[in-house]
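S.K.: Residue numbers (our numbering): 149 to 274.
Read the hints as simulated data drawn from the structure, not as lab findings.
Ideal Cβ positions, reconstructed from N, Cα and C, are used throughout, including at glycine.
Possibly wrong hints are sitting among the right ones.
Claimed, not checked - Here are the in silico distance ranges between beta carbons for each label pair:
id, residue 1, residue 2, range
1, F180, R266, 38 to 48 Å
2, F180, E150, 36 to 46 Å
3, G206, R241, 18 to 28 Å
4, A262, F184, 32 to 42 Å
5, V259, R153, 14 to 24 Å
6, E150, S267, 27 to 37 Å
7, A250, L187, 16 to 26 Å
8, V233, F180, 21 to 31 Å
9, R241, G178, 11 to 21 Å
10, V258, V233, 15 to 25 Å
11, A250, G199, 23 to 33 Å
12, G199, T243, 29 to 39 Å
13, R239, G206, 39 to 49 Å
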Amino acid sequence: MELRRLVLSVGVGGTAFLVASVIGFTVFGGDFPSVFYVLPLALGSALAAAGGTYVALGSRRGRPVRALLTGTAAVGYSFFLLWFVRYSIARTRGTLSFDLIAILSVAVAVVVAALAWRSQPMAAET
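Can you make the complete structure from the sequences, with help from the hints?
M.R.: Listed below in structure tokens is the structure:
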């Protein structure tokens with residue numbers, strides 16, 4: 149359980165980093181000086197989200213919370229994986245746009261959350 153808790157915490161932190169980066173670059177703009185504002189804020193939100201998730205998963209949480217956190221972690225992992233594929237394989241750069249990567253990441257998160265919901269027993273059963 150400890151490894152799963154750590155993996156989920158890092159994934160939720162990665163998702164928080166992505167969301168904070170998108171919001172930050174939308175507010176401050178995409179020029180170079182805004183990087184000095186946005187990245188520390190995004191990193192701080194990622195650390196806070198990861199720490200909060202790690203603490204929250206330490207206590208016995210119900211099936212909805214665990215499924216939601218699993219789906220949220222899947223967004224970050226799938227987004228970073230697809231972004232890595234986009235930049236490491238040149239043929240995929242024309243196909244994998246930012247919008248498509250975001251849509252696929254959310255779709256993966258929904259499927260993973262549904263599978264996590266279904267695979268975890270009810271609180272009364274444990």
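S.K.: Now tell me if each hint is right for this structure.
M.R.: Hints and how they fare:
1. F180 <-> R266: 38 to 48 Å: Hint holds: Cβ distance 46 Å, inside 38 to 48 Å.
2. F180 <-> E150: 36 to 46 Å: holds (41 Å)
3. G206 <-> R241: 18 to 28 Å: violated (41 Å)
4. A262 <-> F184: 32 to 42 Å: Because 40 Å falls inside the window, the suggested range holds.
5. V259 <-> R153: 14 to 24 Å: holds (21 Å)
6. E150 <-> S267: 27 to 37 Å: Check failed, 19 Å falls outside 27 to 37 Å.
7. A250 <-> L187: 16 to 26 Å: Between A250 and L187, where Cβ atoms are some 20 Å apart, the hint holds.
8. V233 <-> F180: 21 to 31 Å: holds (27 Å)
9. R241 <-> G178: 11 to 21 Å: holds (19 Å)
10. V258 <-> V233: 15 to 25 Å: Holds, since V258 and V233 (Cβ atoms, about 20 Å apart) stay within the stated range.
11. A250 <-> G199: 23 to 33 Å: Since the Cβ atoms of A250 and G199 sit about 25 Å apart, the hinted range of 23 to 33 Å holds.
12. G199 <-> T243: 29 to 39 Å: Holds - the Cβ-Cβ distance for G199 and T243, about 36 Å, lies within 29 to 39 Å.
13. R239 <-> G206: 39 to 49 Å: holds (44 Å)
This entry does not satisfy hints 3, 6, going by the numbered hints stated previously.
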